[in-house]
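Student: Each chain, written out:
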Amino acid sequence: MFYREAGQFKTTYESDQSVFPIRQDRIGLAIILVVAFVVVPLFGSSFLVNAVLIPFLVFSLAAIGLNLLTGYTGLLSLGSGAFMGVGAYACYKLTTYFPGVNILVWIVCSGFFSALVGVFFGLPSMRIKGFYLAVATLAAQFFLEWCFLRIPWLYNNNISGAIEVPTRTLFGLIITGPNAAPQTRYLIVLTIVTLMTLAASNLMHGRIGRMWMAVRDMDIAAELMGIRLLPTKLTAFAVSSFYCGVAGAMLVFLWYGGAEPNVFSIDQSFLILFMIIVGGLGSLLGSFLGAALIFILPIILRTVPAQFGLPIHAATVEHLTFMIVGALIIFFLIVEPHGLARLWQIAKQKLRVWPFPY
Amino acid sequence: MKVKHLVLRAALGVLLGTGAVVAPAQAQEGIYVPLMTYRTGPFATSGIPIANGMHDYLSMLNARDGGIGGAKLIIEECETGYDTKKGLECYEQVKSKNPVVTNPWSTGITLGLIPKASVDKIPILSMAYGLSASAVGNDFPWVFNPPATYWDGLSMILKHIGAKEGGLDKLKGKTIGYIFFDGGYGREPIPLLEQLAKDYGFTIKLYPVPVSEMQNQSGLWLNVRRDRPSWMVMWGWGAMNPTAVKEAAKIGFPMDHLVGVWWSGGEDDARPTGPEAKGYTTLNFSAVGANFPAIQDILKNVVDKGGSQVASKDKVGESHYNKGVYNSVLIAEAIRNAQKLTGKKVVNGDDVRRGLETLNISAARWKELGLAEFGSPLAVSCTDHNGHQSAYLQQWDGDKWVKVSDWIEPMKDKVQPLLDAAAKEYVEKNAGWPKRTETCDKAS
Amino acid sequence: MNLLYMIFVDPFMQMAAAPDLLVQTLWEGLVGGMLYALIALGFVLIFKASGVFNFAQGIMVVFAALTLVGTYHLLVLYGVSNTHLAAYVALAITIGVMFVLAYSVERLVLRPLVNQPDIILFMATFGLTYFLIGFGELVFGGEPKVMIADALYLPRGSVDYKILGGLVSLQKIDIAAAVIASLMVAALSVFFSKTRIGRALRAVADSHKAALSVGISLEQIWVTVWFAAGLVALVTGIMWGARSNVSFALQVISLKALPVLILGGFTSIPGAIVGGLIIGIGEKIGEFYWGPLIGGGTDSWLAYVIALVFLLFRPQGLFGEKIIERI
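Protein chains in written order, with the numbering used here: chain A, 36 to 393; chain B, 593 to 1036; chain C, 100 to 426.
If you're looking for bench data, these hints aren't it; they were derived computationally from the structure.
There could be a bad hint or two in this list.
Here are the simulated lysine to any residue pairs, SDA-like style, with alpha carbons at most 20 angstroms apart [claimed, not checked]:
no.: 1; chain 1: C; residue 1: K244; chain 2: B; residue 2: G866
no.: 2; chain 1: B; residue 1: K905; chain 2: C; residue 2: D109
no.: 3; chain 1: B; residue 1: K905; chain 2: C; residue 2: E242
no.: 4; chain 1: A; residue 1: K164; chain 2: C; residue 2: P216
no.: 5; chain 1: C; residue 1: K244; chain 2: C; residue 2: P254
no.: 6; chain 1: B; residue 1: K687; chain 2: A; residue 2: T204
no.: 7; chain 1: B; residue 1: K687; chain 2: A; residue 2: P134
no.: 8; chain 1: B; residue 1: K687; chain 2: A; residue 2: S80
no.: 9; chain 1: B; residue 1: K1021; chain 2: A; residue 2: N214
no.: 10; chain 1: B; residue 1: K1021; chain 2: A; residue 2: P134
no.: 11; chain 1: B; residue 1: K905; chain 2: C; residue 2: V175
no.: 12; chain 1: B; residue 1: K1016; chain 2: B; residue 2: E960
no.: 13; chain 1: C; residue 1: K244; chain 2: A; residue 2: T351
no.: 14; chain 1: B; residue 1: K1016; chain 2: A; residue 2: P134
no.: 15; chain 1: A; residue 1: K164; chain 2: C; residue 2: K147
no.: 16; chain 1: B; residue 1: K797; chain 2: C; residue 2: D109
no.: 17; chain 1: B; residue 1: K1027; chain 2: A; residue 2: S80
no.: 18; chain 1: B; residue 1: K992; chain 2: C; residue 2: K244
no.: 19; chain 1: B; residue 1: K689; chain 2: A; residue 2: T204
Could you build all of it, start to finish, from the sequences and the hints given here?
Tutor: What follows is the structure in structure tokens.
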């Protein structure tokens, strides 16, 4: 009833092939965007914006990046954390060399450096696949992490070994550094994430996306159909690393405001992998849902005892959070191995036939 | 399909619940002191005793004196797991409750918070860790790192080495190894080490320990065996310390020539090695032991009443525990100063910043606090947010730490130029760094 | 030219100049590699029998060691005065706990997930890792613990040999580790080739369906392999715990088993052993002779690069079964 698409006729191929063919989807998306762009900046508390929504969006973008590679192309990668780091360090170097250029340009450009590095570490994918490839990307992860520590040029010889975010402006408005209002930073992150999600969605509906999916489903068959494997896999690595790189630059410049190499450690890579698996492999919506579950759930769990005034120590809460998150991951996998995105589809189907299910 | 229903319902519930839960809890009457601690993760080794010390001293003040100056302290721990991400999240969480001071207890978190401190008007107390350059009060009015910087610590260790060798000039031609945690924390002392090597004519060998290899150092210590440094200086943290001590004993390195910084001097760092660790020496700036009236008060008012999380009573008074106590003494004294300066009972972040700038704990004051000889006299000023106080050396006798030296003064003449240069560089690199506008109070 | 000399000549000159250090480095690499191999062995056992890439093996090492030390302290607290008795009772209890763990994993995680794609099972073991971290810290606390090596009659001290114009010092605990690991591998191979369950397990590894059709109980096999992996984890935990201490930082090291695995192949027990030794020795030699050229601390990634280089020539690992793909 809520989701009935009967009566929505498509009269052109264009409308039939659009990204959101159903009217209710378009309305729902419009509402979400209005809430995200207007309501949240106006009414959201600083904690909600700063500690929940900005990181959520940044992680969603990184998850989309990894999903393009792992979910759509079927290449398992454990190096996304390091590729995020490449983006962050590239952005830092660029903005210190050319402080005059707008920071947003550099945030996006840093993705290209990350893409380059990604292509280089994607080369072994020609010969190896599956878990073997995952370990090859681990080499990238540890080697890049080591570089962030050992090449002082990357962090401008700072004694602390960390990178700091200088204050930069856009149209006279401070957007990075400590004086930037959380709402401003939030809107910028949101805009970048929205645009890049749109781009990813278009990419997936086009030739390149279909090539990737063909490779994922069976690479030998894809090859026989005339898809050249190496360029296809390498573009997947490049685009995926691009997304991760931009996410990394945003992570440091629009959220942390400074970072040590350990921010881009293996844990970060695993976290992003969790997000896409729990959210749903090969689904953009899943990337967002997964990021929400993996990142926001622990925050909620941590505040629950305090809300009810339970006298539980912070450390105990942390232990319980670990246990609950672990159990929930297993639970979700058992209930719906295709991730939260699939759950949403089921829910949609239910809404479609409600109140007369068949 | 039943389970799927359940999940859908649960998901809906969580979504609805989110809005309700994320709303910040309302502020209570009292002085809100958040403690960022880590009792979980790979660094819990060092984090747990410190968390206990910090928490227990402040709870003791609440139980014994009813808080500070009649205002109750609201103590809340936030678990960071030594993870920058969680630390920043903690900060955002506590920010809305008007904290008077933050203790990040991690170099990474400190670096993230330094630019925010002046904006949010919450001073940072990074006790002998964090950014050494933040000792320069003119550039960092909101950041405090008493009682000594890492550079001070390094210079004290070299003084000790010089004394053992019969004068600093005897260091000429010797080799000193430096084994360090491969991160900002361990890398910071290197510039001073290089400078001193030039000044005194010794050579240095660097042995970095990556985080992932903290418990796998046998290759590194083979290098030590080959290079035969006459002294080893250690900047370790967490699980790296006990492993390093064990490996040093294994290759037969003379243990009294292995000298660690204060963060390498926990009981749990030396104890696993047992008697072979005898002679292992580290710096320390707070006394070890429970033989102080204030710590006895902690035992009486907090531990015996079940208000503490210490695993057993004999953990009270251990080396890292007492550093936690030291940290809390600084907080308490700063709050007390702030109350005196403003005449208010419930002070805010700005007041405590002024309180920290006028921090002056003389030997007499230490005694008044029930902690005679617990630390060296400490004075912080508007220009010097560190104090560059003395520390002493403690040695492991196979069973416990024993004080083996007097208070050693750092080489201020070597450290200060480096500090000024580093602070200048930081300000230059962060274009638009705010100039100090905060006025300076006279010490009370 | 100088650089080439430093890379290609100088390290070998060093080896020739101080053969005792070379022997010592080889020994350290051997011991380190053996411990990697033990962790990898746990992975291989499970992967062979159930196709699950068990990420939780690392945390199982920590969990087993923690349980051992934790129960030991409890026993001592409740009046078992003989430390050796307490240690061995604790050991027995820990083995029991590992069995319960294996059983619950099979019942609660694997059985509902049967026939799912590999990556889902892989992910489930991530969930298990999180759960065990939380559970272990909740029960035993995050404080580091000292391994009860003395109470377990593990030797301490070292044996020194004055040979090759220098000193080679072998830790007794390392020798013990080597002996116990070899015994363990021998016992496992006998178990797999001679016993009924072992043969059933190899049948399962070859084909789940064929094994099922001849009446082999998959559940029983899975519990067995997870239990075996738990025992391997316990031994690893004791050995590594005795080398430093028992804390959650140990779990990071278990990642090192991954390059060992790809080198040896996921399905081969000899592969895990040989891979472990190659990685362990390669890493130590590389760090010792070439590491200083680029500032040291290379152990963190050298192992992965070694594995990657091997992999480019043999994509299925040294001992892995040849991958044959069909449409």
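Student: Each hint: holds or not?
Tutor: Consistency of the hints with the structure:
1. Between K244 of chain C and G866 of chain B the CA atoms are separated by roughly 13 angstroms; this keeps the pair inside 20 angstroms, and the hint holds.
2. With a CA separation close to 56 angstroms, the supplied pair K905 of chain B and D109 of chain C exceeds the 20 angstroms bound.
3. This hinted pair checks out: K905 of chain B and E242 of chain C have alpha carbons roughly 15 angstroms apart, not beyond 20 angstroms.
4. Our distance criterion of 20 angstroms between C-alpha atoms is met by K164 of chain A and P216 of chain C, whose separation comes to about 15 angstroms.
5. The suggested pairing of K244 of chain C with P254 of chain C holds, with an alpha-carbon distance near 19 angstroms, which does not exceed 20 angstroms.
6. Under the criterion of a C-alpha separation no larger than 20 angstroms, the hint pairing K687 of chain B with T204 of chain A is inconsistent with the structure, at around 25 angstroms.
7. Taken as a hint, the K687 of chain B and P134 of chain A pair is broken in the structure, with Cα atoms around 31 angstroms apart against an allowance of 20 angstroms.
8. Taken as a hint, the K687 of chain B and S80 of chain A pair is honoured in the structure, with Cα atoms around 11 angstroms apart against an allowance of 20 angstroms.
9. Between K1021 of chain B and N214 of chain A, the direct Cα distance comes to roughly 16 angstroms. Compliance with the 20 angstroms bound is thereby established for this hinted pair.
10. Our distance criterion of 20 angstroms between C-alpha atoms is met by K1021 of chain B and P134 of chain A, whose separation comes to about 11 angstroms.
11. Only pairs whose Cα atoms come within 20 angstroms are accepted, and K905 of chain B paired with V175 of chain C is accepted, the gap being roughly 17 angstroms.
12. With a C-alpha separation of about 39 angstroms, the suggested pairing of K1016 of chain B with E960 of chain B is violated against the 20 angstroms cut-off.
13. The straight-line distance between the Cα atoms of K244 of chain C and T351 of chain A is roughly 19 angstroms, inside the 20 angstroms bound, and the hint therefore holds.
14. For the suggested pair K1016 of chain B and P134 of chain A, the alpha carbons sit about 19 angstroms apart, so the restraint of at most 20 angstroms is met.
15. Using a Cα cut-off of 20 angstroms, the hinted pair K164 of chain A and K147 of chain C holds, with the two alpha carbons roughly 18 angstroms apart.
16. Using a Cα cut-off of 20 angstroms, the hinted pair K797 of chain B and D109 of chain C holds, with the two alpha carbons roughly 18 angstroms apart.
17. For a cut-off of 20 angstroms, the pair hint linking K1027 of chain B to S80 of chain A is broken: about 29 angstroms separates their Cα positions.
18. This hinted pair checks out: K992 of chain B and K244 of chain C have alpha carbons roughly 17 angstroms apart, not beyond 20 angstroms.
19. Taking the CA atoms of K689 of chain B and T204 of chain A, the gap is near 30 angstroms; set against the 20 angstroms cutoff, the hint is violated.
This entry does not satisfy hints 2, 6, 7, 12, 17 and 19, going by the numbered hints stated previously.
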